[in-house]
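Q: Each protein sequence line maps, in turn, to chains U and C. 107 is the number that my numbering gives to position 107 of the first sequence; each next residue is one higher, with no gaps. 1082 is the number that my numbering gives to position 82 of the second sequence; each next residue is one higher, with no gaps.
Treat the hints with care, since some could be wrong.
Covered stretches of chain U (chain C as the covering partner; in silico rule of three or more C-beta atoms under 8 Å from a C-beta of chain C) [what the hints assert, rightly or not]:
{"no.": "1", "stretch": "194-203"}
{"no.": "2", "stretch": "389-398"}
{"no.": "3", "stretch": "402-410"}
Just so you know, these hints were derived from the structure itself, not from any lab. These numbers were taken from a predicted model, which means no experiment stands behind them. We put the beta carbon where it would ideally sit given N, CA and C, even for glycine.
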Amino acid sequence: MEKVLTRNIRDDRQPPDLKAYVKAGGYQGLRRALEELAPQEVQKMVEDAQLRGRGGAGFNAGKKWSFVPMGPDAPRPKYLVCNADEMEPGSFKDRLLLEGDPHLLVEGMAIAAYAIQASHAWLFLRWAYKLCEQRVRHAVAEAYAAGYLGRNILGSGYDLDLHVHISAGRYMCGEETGLLNALEGRRATPRSKPPYPQVSGLWGKPTVVNNVETLCNVGPIVTHGSQWFLDLAPDSQDGGTKLYGVSGRVRRPGLWELPMGTTLREVLFEHAGGMLDGHAFRGAIPGGASTEFMLPEHLDVRLDFDGPPQVGSRLGTGTIIVLDDQRCPVAMLANMEKFFAQESCGWCTPCRDGLPWAHKLLVAIEEGRGRAGDLERLESMCRLLGPGRTFCALAPGAVEPLQSGLKYFRRDFERHITEGRCPWRTS
Amino acid sequence: MARIWIDGHEHEVDPDRNLLEVCLELGYDLPYFCWHPALGSVGACRQCAVKQFKDENDDEGRIVMACMTAAADGTRISITDPEAHEFRRSIIEFLMVNHPHDCPVCDEGGECHLQDMTVMTGHDYRAFRFDKRTHRNQDLGPFIEHEMNRCIACYRCVRFYDDYAGGKDLRALGAHDHVYFGRQADGVLESEFSGNLVEVCPTGVFTDKTFKRHYSRKWDLRTAPSVCAHCSLGCNTLVNERYGELRRIRTRYNGAVNGYFLCDRGRFGYDFANSERRIRHTQLPQGPDAQARAVSAQEAADRAGRLLRDADERILGIGSPRASLESNLALRCLVGPARFHAGVEAAQAQLDRAVLDVLRHGPARSCSLGEVGRCDAVLILGEDATQTAPLLALALRQAARRQPTAAARQLGIPGWHEHALREAVQNATGPIYLASPAATRLDEIARKVVRAAPEDIARLGFAVAQALDPAAPAVPELAPQAGALAAEIAEALATAEHPLVVAGTSLGSEAVIRAAAQAARAAAARREGRPAELFLTLPACNSLGLAMLGGGDLDEALARVEKGDVDTVLVLEADLHRQAGPAKAEQLLAGAAHVIVLDHLATDTAARAELLLPCAPFAEGSGTWVNNEGRAQRWFRAFVPDGDVQDGWRWLRDAARAAGRKGHPAGWENLDDALAALGRELPELAPAAQAAPSAGFLQVGQRLPRATHRYSGRTAMEADRTVHEPKPPQDADAPLTFSMEGAQGPPPPPALAHDFWAPGWNSVQAFNRFQEEIAGPLRGGDPGIRLIEPAAGSRTDWFTPPPRAFARRQASWRLVPLYHIHGSEELSSLAPGVASLAPAPYLALGPGDAASLQVADGDEVEIELGGRKLQLPVRLRPDLPAGVAGLPSGLPGLYCPADPGWTEIAKP
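Bound-form chain U, shown alone (with noise of 0.2 Å):
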């Protein structure tokens, strides 16, 4: 199989620097673009290419790009930001590609810029990411000293600056809207949609944000075209590669790049290695913690953004977190509730007030304390604090792992009440 992602990726993760990018072929999508392509034919080769956003989301990029206002009335300047706040819990595909190959995001984000005609960029990176920090830096200045970025690159004219921004360090800036309102210095709170930030973005400005993984596919999308990149799924609508991860009691936990597709199976069992001994595969949630679980009679289904959705997932980030049968569900779940409602941002009520009461109940229950009555609220929050109630997706995502817990553990939970401790507990 081709690699998109990963080809410069070495094994000690150490990055090719500039030099070695471009001898590995690198820049010569932002080259293509300057020198052949129209900003809106860039657009359109992106969105033909079925490059669906990654950072879960899943929307055509190329399409998103289309709704910024461009000719020379369009307000200005515009933004192209990069979403590297990854904080989803059981997601690091984005820190493997900061760490190992920063220059491919350097140069997605320069050719996305150009393709929306943004004089500036911003790359929002999450603060607990130092390495990344530290390599994406040296990659930007880089790219400046040798012309790749600043004034008038590689003689096009076209003007791009790109700063490096380190977020203050809640989830919430991870959220596109509660990310610009951080880059703007203000409390990470969501806006509300419309106006969408292709409108009224940063500052009031034209915005585009997308995700690392999503913009470090836009380089080769421009090199080798759209069908070249829908070519590299054949199993799948969605062109290109995906970066899955796994995590938990499997052999080897890591990262692979696979054609977008590949089944749930061949991710864990295959490439992961299957279940260490001792321990069986229950369940596994695909796309970071937002997302809800399969089942092993799901194994087969093909991890796109069509397949999962099938059986009441999504692939969200396709990170997958792994659950055996020597891991008590509750706990798992209320680990997982504990985060989101320290994270959540407190601006609407559902989620500020409701999640931590989801979380306390899932405590209560773990900890032989649980009453009856208390499943049918958890299962009612997950009702009240669904899509549309709140403000944001942020609840939505939460309640989507216990609802489905719930859904498919519901004798667990039971026996933690009716027995009055978790049947995990040994002592």
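With chain U fixed as given, assemble chain C onto it according to the hints.
A: Just chain C, lined up with the frame of chain U:
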């Protein structure tokens, strides 16, 4: 118009509104928290959820927030949908997770929006069994009590305080279920509008700390419609009383004046009425029978009558800009128009007359305070509105957003989508131009700011006029910079939708007032009849009304006394020491053989009286004031005061009768008689009688009750004095009762409305039910009646000449008055909270001037004022122009004339 369906009922609505506004206007009970009529929608609380259907065939629908959904044509929603109802109930349940069981001990109880919404959604059972989150509270100063445990995180407080009112020190802090609204550290809230938090907060997080000292439940309070006494804007208020004590002031909505808000001086300055300086019984401080003991009201009237008879024509009356039209008229009738003087010094009287002249002759019209917020280009000449007329500053902040917001609307963002509009607008500000001697809070909303002495401020105004209309006189020797700025301002005023020029009397410069009028007039001429408006402020609540009564001034009064023409001086509600300085006041009072003073406070002037008669302040009396716009507004007493306190005009009437007089005011029985006399004596003021219904008005055959039907303690209240049930007093002046008996049904005429309540709406949110359109006029029209409309085409001459440029002097400094919201106004300074925030006397100097005088911040210097030497500490103000020194206006014990003129500055 758009057609929408709500629970199957078809309605025609304005598509620019959101569904929440529309539902409330149509009378539906849809609960909400974070939306506010003045603050727009943000969609945070999720309380206003309704079910929206795609079309008539869609029976599943989806939950949407009414406040964030446009009332677009074809919209179908259901409020009663069970899922929506359940969801709204769950929002209250979530809020109650952490909300403490404070109702019995919470000040908000009985007028709490959270209580109302809880009842409205039907949530009544606690299933949450875990611990609540708690917070530590902060001391936020003398006005606002802080109880954060009650917070439901609706974010209204910071949206009002920061976004709407421009405050900086109250913030949303923290995150998740630990969000905290407070300051970075304990301390006095800096915004002049912090008091509105008590009404903007839907629960008891922010409550009135001054009210807490003499708290009473809402249903136990008597209420009356009133008007603020503390500046010339005339914001409408509601006054509350219990046990004969004024307890608190709340906003009375008036779409044409103050809207939903009040300033802190107006809200918290009322405690002067409860101060120990109140006079409640007649006293004889001076003269042959000098004694501190009280004298009976009858004897007081007899004494006054004797003095009047003895004085005959050798009498002089001094009225007051803080006394009612009726009381001032009574005095004028009693002494005769030729012997009636306004209780302000000549310089101030001239300024007040200039304002009146400008308003009468136009052509620019004085707009209402409510209209200021809708203006989109403003020239502010001299006034530091935040200190002199604070609600004007609040309105100007909204005016600054008009043009940038209109531009943002081009992106397709609806007018109610508050955060999206603010995001698109960023820091952009409209064409607001501000010229003043010292820095003001409004500097931050101005496109350009000019620091200048009053002469140069006036010159700028005249230059703008000339740039707008070449026929207007040019300003000689105008600096090119000023000329360019004038041209820029002129262009902004010419091309705006609603241009406005703002000025006032506070700098003591008539030239500034004339310049403002000239600029507004030139703008109107250039715009060929499209509106250009003027807003002029004056010092006191009835400055304009007093000016309209005509008469002399204090300097003329002093001249007459010195000439020997006067035996008896009658002073009505004026502190001459404060108005004209101690020297002139002593001279005037000493020059008369007899001095009669009517006032509610013990002042230096009152202490000189032979006969001191206790007048009623606004909460204990009824009357009419004319605000700066020329709007006559009636205020009614909340209760009958103790002792011998009565309206000023009633004392004058009693004195007239005791003196055997037959004409006005001897025949007056009530306010209506006074107003009828007013109309006959001064036809221009005749419409004031229509400012409110007369005392004979009946609603469904009844008067209107001041007390609620839950008012308690009526028969036990007097039990410590007498066991006999007191006969309820009658109010001769108003169709209002002091009891709970009266009409309960349909809303009364707006000028009498004081019980803003609707079933299920016990809090200030009930204003929604009394407006035709939310944030629009009250049903039946906003109270108050405009008295002055400029006569079209009546002015043909331009004001000439513009003054000479300000020129520094070698050895003296131009003094300008500096106003302070807390401290400069006479009455509010006696409220303890306000007094605690008032500055001590000082002299402000720019650093350059201070350096040349070799004085540092805090050093004492000596100046000369009104013929006397004064020692004051220096305060450095980096913004003052060289050659200009600032003197705080109106501080107790420091007389600051309207125009303080020039002074030498020496080290003592």
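Q: Which hint numbers doesn't this structure obey?
A: The structure conflicts with hint 3 only, although it agrees with all the remaining ones.
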